[in-house]
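Asks: If you want the building blocks of each chain, they are given just below.
2 protein chains.
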Amino acid sequence: MTADSAQVIAALRDALGDRAVLTGADIPDRNKQDWSTLSAVLPLAVIRPTDPAGVAASMRIAATYGVPVVPQGGLTGLAGGARPIEGSIALSLERLTGIEEIDRDSATMTVRAGTTLEVIQKAAEDAGLYCALDLGARGSCAIGGNVSTNAGGNRVLRYGMAREMVLGLEVVLPDGTLVTSLNKMLKNNAGYDLKQLFIGSEGTLGIITRIVLRLFPRPHCTMAALCGLPSYDAVLSLLASARGSLGPLLSAFEVMWPDYWEVATRQVAGVRDPLTSHHPFYVLVEAQGNKDSDTEGFETWLESQVEAEVITDAAVAQSLADVKAFWGTRDAAAEFKLVLGPHSSFDIGLAVADMDRYADACRARLAQEIPGCFSCFYGHIADGNMHIIACVPGAPAQPYDAIDAVVYDEVRRRHGTVSAEHGIGLKKKPFLPFSRNPEELALMAVIKHALDPRSLLNPGKVL
Amino acid sequence: MTADSAQVIAALRDALGDRAVLTGADIPDRNKQDWSTLSAVLPLAVIRPTDPAGVAASMRIAATYGVPVVPQGGLTGLAGGARPIEGSIALSLERLTGIEEIDRDSATMTVRAGTTLEVIQKAAEDAGLYCALDLGARGSCAIGGNVSTNAGGNRVLRYGMAREMVLGLEVVLPDGTLVTSLNKMLKNNAGYDLKQLFIGSEGTLGIITRIVLRLFPRPHCTMAALCGLPSYDAVLSLLASARGSLGPLLSAFEVMWPDYWEVATRQVAGVRDPLTSHHPFYVLVEAQGNKDSDTEGFETWLESQVEAEVITDAAVAQSLADVKAFWGTRDAAAEFKLVLGPHSSFDIGLAVADMDRYADACRARLAQEIPGCFSCFYGHIADGNMHIIACVPGAPAQPYDAIDAVVYDEVRRRHGTVSAEHGIGLKKKPFLPFSRNPEELALMAVIKHALDPRSLLNPGKVL
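So the protein lines, in turn, are chains A and B. Residue numbers for the first sequence follow numbering that gives the first Met the number 0, so the first one is 0 and each next one is one higher. Residue numbers for the second sequence follow numbering that gives the first Met the number 0, so the first one is 0 and each next one is one higher.
Pulled out of the complex, with its shape left as it was, chain A reads as follows:
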């Protein structure tokens, strides 16, 4: 540790107290990396302020000494956005937790950034309301990370991304200024909508400390079906029909290709296949109803699709336990590590109509160009967002770069996006120009420079 480093640590201890500042061997492994495939990095220190003022004080100290800061939430990111940088301070929000207020009249929740999504979902439910944000990592991810990466997840189709669920934000700027902008109104056009800058910018422009979330009425009932379909044309047909007949009740439309389905239902422990035979496509359709008769409407619609031979086979959830079991086939993706070992995960975006052609081309090239490469395809297809898992099972070292090259080259050819929901972080930086043109990249740099001229906040991430 240099003399300068020692001074920074001392200043942080002075401001936050000893318990809030961890160094050297005291730094837990979890703070050294995220859920991406990137290797661990030991930061100069991990600091854990317990209130927004502590975050602001930390940032002011870091700015004084010119030390970079990497914000950390639940560390469940897949792009390396929260991985420490050597010589940086990892500022963890893990002790800035708790729900400050649930306002039933405004249907809002004011929450501290380190709170896990599952705690928020539960608290909303206990208050008779509904938090519409949901994703596989719900038990570990922090809401601050969800917002700073503009998380998508399972119900974007009906409720939008995290961006659409945020009404107000409090952030600490790179110079340590605390900007409290905890708006609770649905409509507020009084000047620039500043929160938009920080949502989805992956902690490179400010550190989110508190959030006002928009809550929704609790759905009266949830209907779900797992369907086997004969072709991708049938998938598109089912989607069009679901949009028309279920309208805004449609809350999820998850498509799984057979390569994914096999691993999820045959190899992941605790996941069962509710269908009796094999199919070229599997679709989990979910709708949330307002009244009892919506259940009947859902089943009638589903029957019409079976009769029209759009669906070959379907299992309809008879209980919330069934709904949960159906989602188990999708949530299984998080367990693929145990089955396949280390692998790459992707969250590309494309026009919905192009998805199957993409999967075919990508699968074929991966198999051809990378001997032994297994890939499987699934995701939030109705949102134009496909996930891919790829690896060479059993290989001593995974050919991550070669896999990236194929996956993103096929995205570029189709004018898609290299990240629909996980963000750019470190991992996708080389591929950002595949989805953004030079003028867009230059404008991003202008914004970064305006807010963080010394590049102290999460430097080298995204841009």
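Watch out, some of these pointers could steer you wrong.
Which copy? The list can't say, so a pair holds if one copy fits it or any two copies do.
What the hints assert, rightly or not - Subject to a maximum C-alpha distance of 20 Å in a straight line, what follows is the list of computed SDA-like cross-link-like pairs (lysine to any residue):
(1) Lys290 / Gln317
(2) Lys290 / Ala239
(3) Lys290 / Ala307
(4) Lys290 / Gly243
(5) Lys323 / Val270
(6) Lys290 / Thr221
(7) Lys290 / Cys220
(8) Lys290 / Leu319
Derived by calculation from the structure, the hints in this document are not laboratory data.
Using the hints provided, position chain B relative to the given structure of chain A.
Replies: This is chain B only, laid out in the frame that chain A set:
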């Protein structure tokens, strides 16, 4: 005209052609002001480029000579955002019109910024899709203005503000750079979401030239009722019940206080009162259904509210003509000028529960502090957005400042917003600090300076 001014005009004529550049007596009255109460201003020139490259070339010329530019759309704004500044170039998008593409698979429309909203609504309908943005000025307002002010309007409750309907944007920056970011995907987290900067910043950061709009499935049926209610508690009760029972089908919930109702239905030509008696509150409820039985569901719900004495009296639309006639009571606000003469219009935002107390306090203070002052209240109450019209009928000069002072002071006391949807422009600039704190205002200035360091684009507006 100074020598410098003559040079700018010559350069613009050279770049755009003579027809695109109007000066002096050739400048139409309409380009000298908007629909606010501000007086007309003659700009140095009105220029009317016909393509994005022409807008970029114009901005480069303006930057070269250091001449400010004021972007103009349909000039229907109520805050003075598009009113020219003396010595400025008014850059009108009126010839940058037309729909470039409707993509049925992606449910998107790519449109030029000067296109009127009504043309867009019609084209979407012709393509079997639905443009969810709607507001009274639909026949005159331009989509570029709608987006640059983040317009709200009639169906925010179900579809969100203009911001939520924009997937991609093309803008010209103050230095003349054309940034083409015409994303058509619902989810795209590849770096900063740049369009958010330009949506709602009222032409102070860039000039919007093209827009990718998100379209929706056409509603299968539209149900509407005009209801008389006994109290504001009943209004809140009806809203809670509508949210619960109609869920996401609920598309509008417009409340009108009796002072508004009297003018709208007794004095505005062509508007009829569908109810038979007087009520303390009038509510227009609208829902959009996916199937025939939704109509029945709507009527059953309405009957339950009559039985519970939440509603005293209701007229239910039997046809689309009825739905249109009911909206006539709300659209009547645009005709109040003919009945009341010059007046102030407001678009304040508040917690929904506070609305009636606000109306009472504001009405009483206006009447007491400004002799002869008439005020009336109505608006998108479910969104937390109330409109107010106030004036001294027949006065030789309206006491605009005195009215502003009362209306905004009562907003400040209740921590509301001085603009829920119309924007700040020039008119509300003095009141922006009522709704934003010093840190927020300072951050807005940082953004403005980063994108427009010489303050060439719509200077003095918003900030």
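Asks: Please go over all the hints and tell whether each is borne out by the structure.
Replies: Quick rundown of the hints versus the structure:
1. Lys290 / Gln317: within (16 Å within a copy, 24 Å between copies)
2. Lys290 / Ala239: Answer is between: at 15 Å across copies they meet the 20 Å cutoff, but 23 Å inside does not.
3. Lys290 / Ala307: between (27 Å within a copy, 19 Å between copies)
4. Lys290 / Gly243: both (19 Å within a copy, 9 Å between copies)
5. Lys323 / Val270: Classified as within; 11 Å inside a copy, 52 Å across copies.
6. Lys290 / Thr221: Close inside one copy (10 Å) and across copies (19 Å); limit 20 Å.
7. Lys290 / Cys220: So Lys290 and Cys220 pass the 20 Å test inside a copy (7 Å) and across (18 Å) alike.
8. Lys290 / Leu319: Classified as within: same-chain Cα gap 16 Å, cross-chain 26 Å, threshold 20 Å.
Hint violations for this structure: none, all hints satisfied.
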